[in-house]
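Use the sequences and the hints to build the structure in full.
As a plain string of letters, each chain reads:
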Amino acid sequence: MRLMITLVTALVTFTVTTTAQAFCGFYVARADTSLFNRASQVVLVRDDDRTVITMANDFEGEVEDFAVVIPVPTMIEREQINVGDRAVIQHLDAYTSPRLVEYHDPDPCARHEVYEMLGRDSDFPAAANKQMRSSARSRGVTIEAQYTVGEYDILILSATQSDGLIRWLNDNDYKIPQGAERVVDSYLKQDMRFFVAKVNVEEQSKLGYKYLRPIQVAYESNKFMLPIRLGTLNARGKQELYVYALTRTGRVETTNYRTVKLPSNVNVPEFVDGEFGDFYRAMFEKQTLKEDERAVFLEYAWDMGWCDPCAADPLSAKELRQLGVFWLGSNGKEGKRMSQPQAQNVFVTRLHVSYDAEHFPEDLMFQETGDRTNYQGRYVIQRAWKGEASCDISEYEASVRERQEREAQQLANLTGWDVDEIRGKIPFAGGVQPESGRDPWWKRIWN
Amino acid sequence: MKLLSTLRDPRYYQIVVLTTLLTIGIVVLDFGIHWQNAVTIMMTAQATQFLGTRLAGLPRFDPLSALITSLSLTLLLRTELIGLAAAAAGIAIGSKFLIRVHGKHVFNPANVALVTLMLLSDHAWVSSGQWGSAALGAFGLACLGFLVLTRAKRAETTIAFLCVYGALLFGRAVWLGDPMSIPMHQLQNGALLIFAFFMISDPKTTPNTAVGRTLFATLVAAIAFTIQFIFYQPNGPILALILSAPLVPLIDAVLQGSHYRWEKPGARASASLKGVQ
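As you go down the protein sequences, you meet chains A and B in turn.
The numbers in the working numbering rise by one with no breaks, and the one at position 201 of the first sequence is 201.
The numbers in the working numbering rise by one with no breaks, and the one at position 254 of the second sequence is 254.
None of these hints come from the bench; they were simulated from the model.
All clues stand as given, with none of them false.
With beta-carbon atoms standing in for the labels, derived distance ranges:
no. : chain 1 : residue 1 : chain 2 : residue 2 : range
1   : B       : Met180    : A       : Lys206    : 46 to 54 Å
2   : A       : Thr373    : B       : Thr19     : 23 to 31 Å
3   : B       : Asp30     : A       : Arg383    : 24 to 32 Å
4   : B       : Thr19     : A       : Gly387    : 48 to 56 Å
5   : A       : Lys286    : B       : Gln36     : 30 to 38 Å
Ideal placement from N, C-alpha and C gives every residue a C-beta, glycine not left out.
Below, the structure written as structure tokens:
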């Protein structure tokens with residue numbers, strides 16, 4: 001049996017590229033979490049000291065090999081653990097994804113038309129149970145509780161000594177990454193508890209799920225944090241993590257790392273619609289490097305009541321309650337695309353971080369701010385008029401060329417892509433490259 | 001000579017450093033500071049200072065300290081409501097005139113405003129993580145320069161605070177068996193350095209004697225650590241300072257010393273003047 005010590009494992013989302021009309025531009029595509037390999041997704045619902053955490057699970061392989069050790073800030077009981085619905089996290093991912101929108105230039109020959117866009121802006125088998133318990137006691141580990149929730153067997157552990165816990169895990173055929181003992185020891189001294197979730201194959205086949213559903217835990221603790229240190233021990237390079245925070249008051253940010261807004265509302269060349277995923281990955285990597293690889297990025301901050309443009313409908317009250325938004329009554333509004341704010345009393349913050357032990361030595365600590373300013377990763381394509389011209393459009397074409405050149409430079413700036421290669425992909429208006437695009441050769445030697 | 005004596009007032013240096021930090025924060029680090037808030041804070045602070053000077057019958061309006069308080073507030077306070085920005089400046093400067101013991105104001109003006117607003121409103125907060133490590137080198141130099149320029153006068157508050165807080169962080173890491181990169185990362189925090197060099201160091205609201213100031217800074221560091229790492233709440237240092245401030249008159253009563261006066265021309269001659277910074 002193999003143990004994957006990670007806080008959470010990634011969720012494989014399917015990419016739905018819908019073309020739908022929205023209120024602010026025409027929604028073209030989104031950059032959801034499936035763009036990044038090994039991306040973990042965590043939903044944190046927080047109000048006062050109450051937290052509900054949902055951890056998406058993308059484990060691929062034999063389910064009997066799967067187990068995960070999850071640190072929690074406090075002792076938990078059976079009723080505090082639940083198995084959630086994967087589709088809700090996928091919906092949340094889609095709703096909060098960075099998006100590409102497009103606008104069309106109007107016919108330059110139609111004099112009367114003013115160009116104006118809309119809205120600009122079960123219990124364990126008894127024998128195995130007994131054996132585990134006695135082995136546990138001799139290791140200084142107490143299995144405080146164990147039960148089956150959905151397709152998972154859950155063991156809540158308390159250990160007086162971390163080496164006891166680690167040895168117990170080893171004795172039970174779990175493979176532990178090197179260095180885990182120190183981290184576990186540190187967490188135990190900080191009064192954190194652990195639980196192990198492994199798949200109960202029998203239950204899983206009874207339930208009929210082909211994938212592992214997310215595990216949810218509700219707890220009360222003054223620690224508004226996410227333990228990421230165990231996740232950095234798997235020497236697999238950097239890990240991608242998405243945190244969706246659902247709060248009552250406003251945007252969530254990290255208090256011990258910089259939270260940075262990704263560049264947004266930027267015009268990009270038309271060809272980006274075919275490679276939006278590549279564009280977004282390149283931009284994210286460049287911005288990460290620019291911030292010295294030590295920043296947490298804000299990808300979305302919005303009142304859950306609406307969206308503009310919508311990459312997906314807002315989550316319904318039912319879905320939000322499934323994620324643990326406990327302050328929402330049962331009479332909440334159903335998720336619909338709203339162009340005007342509809343009070344939901346839920347503010348969503350989407351954070352994206354690429355982390356490793358070197359740049360993120362400490363766990364992520366959060367705070368809720370009073371900031372309800374809406375922010376979204378929005379990238380704009382302005383399509384040139386391609387119709388039959390009934391007048392002289394040379395002036396219009398010159399202005400389009402200027403715009404195309406500006407977009408090429410902006411794209412190069414954001415992604416670090418070669419500006420000449422970008423220019424090569426742009427069908428410049430009138431078939432002529434603008435003068436400003438032909439930089440003298442010496443401008444490029446030292447850049 | 002007059003210029004030289006004017007420059008002996010460390011507040012000019014503070015103003016330069018804080019303005020530089022504010023510029024870096026806005027231009028390079030994109031802190032999301034609204035200029036409307038900055039202007040509101042500056043204007044309200046000066047107006048309150050002027051009003052206070054008149055009502056308290058002080059002979060001379062001194063805008064410097066109110067300006068420093070405004071800069072600190074602009075750097076640290078985050079709010080979307082302009083009314084709260086104005087309230088912060090009003091509370092900060094007002095507290096200097098209203099909450100006084102033995103001719104000294106009790107609370108650091110920016111500190112009392114930040115804590116009051118954070119406790120009373122959901123719409124005011126401090127973004128302690130917003131200084132990346134990249135800006136810290138320049139930041140550290142500016143702070144060091146401050147110590148050199150003021151010839152380390154009364155620097156024991158800052159030094160004692162940083163030493164005790166640092167020792168607690170490293171001690172915690174040793175006890176937990178954590179890598180030293182964790183306490184190093186915790187110390188490389190811009191908000192912590194602003195606090196250590198520009199808030200707790202305020203000579204007007206710290207004890208009059210060096211021993212008293214060291215004792216006071218140690219206490220603030222211990223409380224800050226408790227809030228941050230035992231109760232797991234953010235903004236430990238800012239909360240610790242407000243909790244410790246009422247002890248200053250007590251420390252002064254036990255350890256006798258003279259009040260601090262900002263260096264300015266003729267300051268010594270008018271020693272009986274109860275300055276309100």
